[in-house]
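Novice: Protein chains in written order, with numbering that gives the first Met the number 0: chain L, 0 to 388; chain E, 0 to 388.
No lab work stands behind these hints: they were computed from the structure. Among these hints, one or two may not hold up.
[Stated by the list, open to error] With a Cα cut of at most 30 Å, we get these calculated DSBU-like pairs of lysine-lysine:
1) E:Lys139 / L:Lys137
2) E:Lys211 / L:Lys184
3) E:Lys137 / L:Lys137
4) L:Lys139 / E:Lys139
5) L:Lys128 / E:Lys128
6) E:Lys309 / E:Lys343
7) L:Lys4 / E:Lys184
8) L:Lys192 / E:Lys211
9) L:Lys50 / E:Lys380
10) E:Lys22 / E:Lys4
11) L:Lys50 / E:Lys211
12) L:Lys211 / E:Lys184
2 protein chains.
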Amino acid sequence: MAMPKAPQAFPRTEYLRRLTAVKGEMERSEIDVLMVTSPANITYLSGYTSKSAYVPQGLIVSLKQEEPTFFTRRMDAPAAMHQMFIDNNRVIGYPEDLIANPDRDGFDTIIDFMHDNGLAGGRVGIEIKSISAQTTEKFKVRMANAMIIDFVNGVHQIRGIKSDLEIALMREAAANADAGMTRAKEVIRPGVKEADAAAEIIAALIRGVDEKPSTDVSGFFLCASPRSATAHIRWSEDFFRQGSQINLEFGGVRHGYISALMRTFSIGKPSDRLRRVHDAEVAGLEAALNAVKPGAICGDVAAAFNAAMKKRGLEKESRCGYAIGIDWTEPTASLKEGDRTVLKPNMTFHLMLGNWIDEDFGYVISETFRVTEVGAETFSKLPRIIFEI
Amino acid sequence: MAMPKAPQAFPRTEYLRRLTAVKGEMERSEIDVLMVTSPANITYLSGYTSKSAYVPQGLIVSLKQEEPTFFTRRMDAPAAMHQMFIDNNRVIGYPEDLIANPDRDGFDTIIDFMHDNGLAGGRVGIEIKSISAQTTEKFKVRMANAMIIDFVNGVHQIRGIKSDLEIALMREAAANADAGMTRAKEVIRPGVKEADAAAEIIAALIRGVDEKPSTDVSGFFLCASPRSATAHIRWSEDFFRQGSQINLEFGGVRHGYISALMRTFSIGKPSDRLRRVHDAEVAGLEAALNAVKPGAICGDVAAAFNAAMKKRGLEKESRCGYAIGIDWTEPTASLKEGDRTVLKPNMTFHLMLGNWIDEDFGYVISETFRVTEVGAETFSKLPRIIFEI
Numbered sequence: 000m001a002m003p004k005a006p007q008a009f010p011r012t013e014y015l016r017r018l019t020a021v022k023g024e025m026e027r028s029e030i031d032v033l034m035v036t037s038p039a040n041i042t043y044l045s046g047y048t049s050k051s052a053y054v055p056q057g058l059i060v061s062l063k064q065e066e067p068t069f070f071t072r073r074m075d076a077p078a079a080m081h082q083m084f085i086d087n088n089r090v091i092g093y094p095e096d097l098i099a100n101p102d103r104d105g106f107d108t109i110i111d112f113m114h115d116n117g118l119a120g121g122r123v124g125i126e127i128k129s130i131s132a133q134t135t136e137k138f139k140v141r142m143a144n145a146m147i148i149d150f151v152n153g154v155h156q157i158r159g160i161k162s163d164l165e166i167a168l169m170r171e172a173a174a175n176a177d178a179g180m181t182r183a184k185e186v187i188r189p190g191v192k193e194a195d196a197a198a199e200i201i202a203a204l205i206r207g208v209d210e211k212p213s214t215d216v217s218g219f220f221l222c223a224s225p226r227s228a229t230a231h232i233r234w235s236e237d238f239f240r241q242g243s244q245i246n247l248e249f250g251g252v253r254h255g256y257i258s259a260l261m262r263t264f265s266i267g268k269p270s271d272r273l274r275r276v277h278d279a280e281v282a283g284l285e286a287a288l289n290a291v292k293p294g295a296i297c298g299d300v301a302a303a304f305n306a307a308m309k310k311r312g313l314e315k316e317s318r319c320g321y322a323i324g325i326d327w328t329e330p331t332a333s334l335k336e337g338d339r340t341v342l343k344p345n346m347t348f349h350l351m352l353g354n355w356i357d358e359d360f361g362y363v364i365s366e367t368f369r370v371t372e373v374g375a376e377t378f379s380k381l382p383r384i385i386f387e388i
Numbered sequence: 000m001a002m003p004k005a006p007q008a009f010p011r012t013e014y015l016r017r018l019t020a021v022k023g024e025m026e027r028s029e030i031d032v033l034m035v036t037s038p039a040n041i042t043y044l045s046g047y048t049s050k051s052a053y054v055p056q057g058l059i060v061s062l063k064q065e066e067p068t069f070f071t072r073r074m075d076a077p078a079a080m081h082q083m084f085i086d087n088n089r090v091i092g093y094p095e096d097l098i099a100n101p102d103r104d105g106f107d108t109i110i111d112f113m114h115d116n117g118l119a120g121g122r123v124g125i126e127i128k129s130i131s132a133q134t135t136e137k138f139k140v141r142m143a144n145a146m147i148i149d150f151v152n153g154v155h156q157i158r159g160i161k162s163d164l165e166i167a168l169m170r171e172a173a174a175n176a177d178a179g180m181t182r183a184k185e186v187i188r189p190g191v192k193e194a195d196a197a198a199e200i201i202a203a204l205i206r207g208v209d210e211k212p213s214t215d216v217s218g219f220f221l222c223a224s225p226r227s228a229t230a231h232i233r234w235s236e237d238f239f240r241q242g243s244q245i246n247l248e249f250g251g252v253r254h255g256y257i258s259a260l261m262r263t264f265s266i267g268k269p270s271d272r273l274r275r276v277h278d279a280e281v282a283g284l285e286a287a288l289n290a291v292k293p294g295a296i297c298g299d300v301a302a303a304f305n306a307a308m309k310k311r312g313l314e315k316e317s318r319c320g321y322a323i324g325i326d327w328t329e330p331t332a333s334l335k336e337g338d339r340t341v342l343k344p345n346m347t348f349h350l351m352l353g354n355w356i357d358e359d360f361g362y363v364i365s366e367t368f369r370v371t372e373v374g375a376e377t378f379s380k381l382p383r384i385i386f387e388i
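Next up, chain L with everything else stripped away, as it sits in the complex (with noise of 0.2 Å):
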């Protein structure tokens, strides 16, 4: 028996959308062949979301073939030919002995593949920001013939604009989010390890909600009192005490796509400084919703936000957020002043305004939007409060 198929998180079609796409900006760019190696683009062009990319793999698009080719280690084969939408033909395993050998790696399976198939010759699409310089220098050595292109963002621009089927999987993961964020208000109590209660929250978000559970477990930050200036800890070995202040960041997770949410916890009446932080930040949230829509650019968001922030004499130094998809950020879209990437429709970012203002002093507040032909819709049900326990 053959590995079956698992059930398909997009239809075939979609896949080929995605891959029409990605074809013709390689046609733009005369480029022949693209080898993807960035784990979320080669997600979002097959479907694979085993986590083999702690070795060499390469996902192989050709203009001259409808599907692409994956290469990957033997025995993350099986998995590849499970989850992704290609013929499992398509799905080829290098030999085990390519791992921890000092002369030959799985990347020189995929130039063996190019010689022998007549796409060494040309242009050859690669993404240097996720391969190593050796392997690059690997490419320009053994394919002495070919002109290597950085291929730079270009899968990553065209993920940029959702699909409503992508999109529909984001509110899954939002709900997921809630659930998470809903089960810490009854664990976050005095006297509770943090471990404890991130045990719970992380429990929480993976069973989701309808029938949906989380895929994976992505991107998980608890930051408490006196660490509420940090922003990635995932938690420590104390415990809550009456006063602390918890700072929760994470996100529901859908076939690899993710809703992102931060709020921010009291155990107990909130200090007048988180107070009057949490007021600005939110009147600064509501700002730069308003300000989202298509035809605006990145930067107006973040400058409605800065303006509210201002008029109540605060201010954030890190960017207001950024795009986000599969795996959390995308490279491409940032909300901050300058960038001035046109909002189109299905645009997804993850407005973070978490602010760690000084050594002593964090907040953290959250949404996860899309650009809608209007506005933006925000994914989260919870309120945009400090929730108090």
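Guided by the hints, dock chain E onto chain L, whose structure is given.
Specialist: Showing chain E alone in chain L's frame:
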């Protein structure tokens, strides 16, 4: 009030010992200053486990300074001050406007620092595998008077032999992995969703035992029928059934250190094939552990496993394991035939005997062990059996 130091996972003397070893290696390579960018190496040399490696960061080790200097994004500086053993004034947060900035990034700040401190004219070590080709090029261009040298696995090699303090953390991590596997025995039942079981197991992993919770979630894989041939799928949206086989791989985590563990579950009586493979693998596992002793080489351990398997008419294509420590795999030594790394006391390995035999069938079992003065000490206390539900 400045950011307080977290309770440290290791005493200062332990970090200084590690730094002395790195500096010795730098001297042998005639490197004056080293930029460490591998996140696990940064953890090793400083105690930092916060998740900021998705943007530029670097730990600068200079022969002229006892403590290293850490450059990270401004918002992550408080976490570094909190977690790292170094003086807070050695944590330098670069401006937030370098994030998503096409012209300059955090590495430019590091290069500026090297110029300002007379470090840009000598022999500068970098870790090429953990930075992009563009970043390497930036160093070569902006430090034209320096000789940029790849430190390759210099820090990784030093990490290979653990101190007793590190071994103690790995034992704690193993106890947490055992707790996760024990929880799996309770929650894997016919009709239960894979995701719900994963939620319970991960929660148990995080809670841990003996008031030593896991400090992160790492590498969790639940591959169940009909996906027993897959290795790295988190979990699926499927349900367990009577007759299902479930392959589990995960690790407990303590301050970055991981003890990995794999076991196979069967709901109902194991098939003859599963039983036969299990018996051969356990015989191979025991033969491999018996081959471990100081002075033996990694290849000996693999050969012992392979011989025991062959005797039973079976084989395993992938390597039998790898060095393990911070953030799972260490890229230094493999338990595979041909690897001539000499075993020394307190080297630690994941004897990873997952065997994905064909598209229909895979099986997993593993032990994380250390080399002792006379043999091997495995960290898990669990029996080497198929867990029948």
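Novice: Compare the structure with each hint and give your call.
Specialist: To see whether the hints hold, each was checked on the structure:
no. : hint                : result
1   : E:Lys139 / L:Lys137 : 19 Å, holds
2   : E:Lys211 / L:Lys184 : 24 Å, holds
3   : E:Lys137 / L:Lys137 : 19 Å, holds
4   : L:Lys139 / E:Lys139 : 19 Å, holds
5   : L:Lys128 / E:Lys128 : 12 Å, holds
6   : E:Lys309 / E:Lys343 : 28 Å, holds
7   : L:Lys4 / E:Lys184   : 28 Å, holds
8   : L:Lys192 / E:Lys211 : 11 Å, holds
9   : L:Lys50 / E:Lys380  : 28 Å, holds
10  : E:Lys22 / E:Lys4    : 25 Å, holds
11  : L:Lys50 / E:Lys211  : 27 Å, holds
12  : L:Lys211 / E:Lys184 : 24 Å, holds
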